[in-house]
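Q: Each chain, letter by letter, is given below.
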Amino acid sequence: DAGITQSPRHKVTETGTPVTLRCHQTENHRYMYWYRQDPGHGLRLIHYSYGVKDTDKGEVSDGYSVSRSKTEDFLLTLESATSSQTSVYFCAISESQQGRQPQHFGDGTRLSIL
Amino acid sequence: GESVGLHLPTLSVQEGDNSIINCAYSNSASDYFIWYKQESGKGPQFIIDIRSNMDKRQGQRVTVLLNKTVKHLSLQIAATQPGDSAVYFCAVHFGNEKLTFGTGTRLTIIP
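In the order they appear, the protein sequences are chains A and B. All residue numbers for the first sequence refer to my numbering, where the first residue is 1 and numbers rise by one. All residue numbers for the second sequence refer to my numbering, where the first residue is 1001 and numbers rise by one.
Chain A on its own, in the form it takes in the complex (with noise of 0.2 Å):
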């Protein structure tokens, strides 16, 4: 299994709120990416990251921010926390994108907006 792990696995809070999630891994896998699962879609990504301190945006990135210091540490940061953004977060990580290498995901942590 890729080295990825998640926390916390489990956060209940409540709206308004910040939060800070994070990923941390041990591959030295330049990509790391955030997504957001929920019923009825499929995986959306929220930002994504292609080096230090190198971020995008991704398809669903309002209310969400990243940051990334270091290579295996990449953090998603809920500045006021809203009902709708209670999802399910998984993190991934990649080698290549050009390459077409396969993402590798964490287990997700399970996030709760009261």
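Source of the hints: derived by calculation from the structure; they are not laboratory data. Just so you know, even glycine gets a beta-carbon here, dropped at the ideal spot from N, CA and C. Some hints could be false.
[Unchecked claim] Just a sample of chain A residues kept apart from chain B, beta carbon distances all over 10 Å, derived:
| no. | residue |
| --- | --- |
| 1 | Ile4 |
| 2 | Pro8 |
| 3 | Lys11 |
| 4 | Thr13 |
| 5 | Arg22 |
| 6 | Gly40 |
| 7 | His41 |
| 8 | Leu43 |
| 9 | Thr55 |
| 10 | Gly63 |
| 11 | Ser67 |
| 12 | Lys70 |
| 13 | Gln103 |
| 14 | His104 |
[As the list claims (entries may be wrong)] As a list, the in silico BS3-like pairs of lysine-lysine whose alpha-carbon atoms are at most 30 Å apart:
| no. | chain 1 | residue 1 | chain 2 | residue 2 |
| --- | --- | --- | --- | --- |
| 15 | A | Lys70 | B | Lys1042 |
| 16 | B | Lys1098 | B | Lys1056 |
| 17 | B | Lys1098 | B | Lys1042 |
| 18 | A | Lys70 | A | Lys57 |
| 19 | A | Lys70 | A | Lys53 |
| 20 | B | Lys1098 | A | Lys70 |
| 21 | A | Lys53 | A | Lys11 |
| 22 | B | Lys1042 | A | Lys53 |
| 23 | B | Lys1068 | B | Lys1056 |
| 24 | B | Lys1042 | A | Lys57 |
| 25 | A | Lys11 | A | Lys70 |
| 26 | B | Lys1071 | B | Lys1098 |
| 27 | A | Lys11 | B | Lys1042 |
| 28 | B | Lys1098 | A | Lys53 |
| 29 | A | Lys57 | B | Lys1098 |
| 30 | B | Lys1098 | A | Lys11 |
| 31 | A | Lys57 | B | Lys1071 |
| 32 | B | Lys1071 | B | Lys1056 |
| 33 | A | Lys11 | A | Lys57 |
| 34 | B | Lys1042 | B | Lys1056 |
| 35 | B | Lys1068 | B | Lys1098 |
Keeping the supplied structure of chain A fixed, place chain B upon it in accordance with the hints.
A: Same frame as chain A, but now just chain B:
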């Protein structure tokens, strides 16, 4: 862009039989395809991939078939076992865009 759909949201198969899970994609220029397995409470697990210059690729008990003419992808699991129960979904790569994921087929194994 790209969109991905699966033919069946659920599939029940007798233990020991073969399973076939299907996926359709929209963009004929898509060039890389991946199948994932997701068990309850876990993240998607890579099963097998195939590039558009191939029609078939085999792994351990799994085969992926790519029909570019009708833009169809299938995953075949041989001699299905109880541990194969999971949600299976495909992902498709098109150009410089990011992976597009299907919504998945839940495979249930009947003892």
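Q: Does each hint hold? Answer for all of them.
A: Hints and how they fare:
Against chain B, the non-interface label of Ile4 of chain A is violated: not every CB pair exceeds 10 Å, the least being about 8 Å. Here Pro8 of chain A stays apart from chain B, with its beta-carbon at least about 14 Å from theirs, past the 10 Å limit. Distance to chain B confirms Lys11 of chain A as a non-interface residue, since its nearest Cβ pair spans about 15 Å, more than 10 Å. For Thr13 of chain A, the non-interface assignment is confirmed: its Cβ lies about 20 Å from the closest Cβ of chain B, beyond the 10 Å cut-off.
Consistency note on Arg22 of chain A: stated as away from chain B, and its beta-carbon is indeed over 10 Å from all of that chain's, at 15 Å minimum. A beta-carbon of chain B is positioned within 10 Å of the beta-carbon of Gly40 of chain A; the least distance is around 7 Å. A beta-carbon of chain B is positioned within 10 Å of the beta-carbon of His41 of chain A; the least distance is around 7 Å. Not every C-beta of chain B lies more than 10 Å from that of Leu43 of chain A, the closest at about 4 Å, which undercuts listing it as non-interface.
A cut-off of 10 Å between C-beta atoms confirms that Thr55 of chain A is not in contact with chain B; the least separation is 13 Å. Every CB of chain B lies more than 10 Å from the CB of Gly63 of chain A, the least distance being 19 Å, so the non-interface label holds. For Ser67 of chain A, the shortest C-beta to C-beta distance to chain B comes to about 19 Å, beyond the 10 Å cut-off, and the non-interface label holds. Here Lys70 of chain A stays apart from chain B, with its beta-carbon at least about 22 Å from theirs, past the 10 Å limit.
With 10 Å as the threshold on Cβ separation, the claim that Gln103 of chain A sits away from chain B is violated: the shortest Cβ distance comes to roughly 7 Å. For His104 of chain A, the non-interface assignment is contradicted: its Cβ lies about 6 Å from the closest Cβ of chain B, within the 10 Å cut-off. Proximity of Lys70 of chain A to Lys1042 of chain B is assessed by CA-CA distance (about 25 Å); at most 30 Å being required, the pair is judged to hold. Pair hint Lys1098 of chain B plus Lys1056 of chain B holds up; C-alpha atoms about 23 Å apart against a cutoff of 30 Å.
For the suggested pair Lys1098 of chain B and Lys1042 of chain B, the alpha carbons sit about 22 Å apart, so the restraint of at most 30 Å is met. For a cut-off of 30 Å, the pair hint linking Lys70 of chain A to Lys57 of chain A stands: about 19 Å separates their Cα positions. For the given pair, Lys70 of chain A sits about 8 Å from Lys53 of chain A by alpha-carbon distance, which is consistent with the 30 Å threshold. For the suggested pair Lys1098 of chain B and Lys70 of chain A, the alpha carbons sit about 22 Å apart, so the restraint of at most 30 Å is met.
Between Lys53 of chain A and Lys11 of chain A, the direct Cα distance comes to roughly 26 Å. Compliance with the 30 Å bound is thereby established for this hinted pair. Between the alpha carbons of Lys1042 of chain B and Lys53 of chain A the distance comes to roughly 28 Å, so the proposed pair stays at or under 30 Å and holds. At most 30 Å may separate the alpha-carbon atoms for a hinted pair to count; Lys1068 of chain B and Lys1056 of chain B meet this at roughly 11 Å. Between the alpha carbons of Lys1042 of chain B and Lys57 of chain A the distance comes to roughly 25 Å, so the proposed pair stays at or under 30 Å and holds.
Simply put, Lys11 of chain A and Lys70 of chain A have alpha-carbon atoms about 24 Å apart, close enough for the 30 Å limit, and the pair holds. Of the supplied pair hints, the one linking Lys1071 of chain B and Lys1098 of chain B holds, its CA atoms being roughly 18 Å apart against a limit of 30 Å. A C-alpha spacing of about 16 Å is found between Lys11 of chain A and Lys1042 of chain B, which places the hinted pair at or below 30 Å, so the restraint holds. Between Lys1098 of chain B and Lys53 of chain A, the direct Cα distance comes to roughly 19 Å. Compliance with the 30 Å bound is thereby established for this hinted pair.
Of the pairs offered as hints, the one joining Lys57 of chain A and Lys1098 of chain B holds, with about 11 Å between alpha carbons and a cut-off of 30 Å not exceeded. At most 30 Å may separate the alpha-carbon atoms for a hinted pair to count; Lys1098 of chain B and Lys11 of chain A meet this at roughly 28 Å. Under the criterion of a C-alpha separation no larger than 30 Å, the hint pairing Lys57 of chain A with Lys1071 of chain B is consistent with the structure, at around 28 Å. Using a Cα cut-off of 30 Å, the hinted pair Lys1071 of chain B and Lys1056 of chain B holds, with the two alpha carbons roughly 14 Å apart.
Distance hint between Lys11 of chain A and Lys57 of chain A is fulfilled; the C-alpha atoms sit about 24 Å from each other, no more than 30 Å. A threshold of 30 Å between alpha carbons decides the hint, and for Lys1042 of chain B with Lys1056 of chain B the separation of about 28 Å falls inside it, so the pair holds. Only pairs whose Cα atoms come within 30 Å are accepted, and Lys1068 of chain B paired with Lys1098 of chain B is accepted, the gap being roughly 20 Å.
Violated hints, listed in ascending order, are 1, 6, 7, 8, 13 and 14; each of the other numbered hints is respected by the structure.
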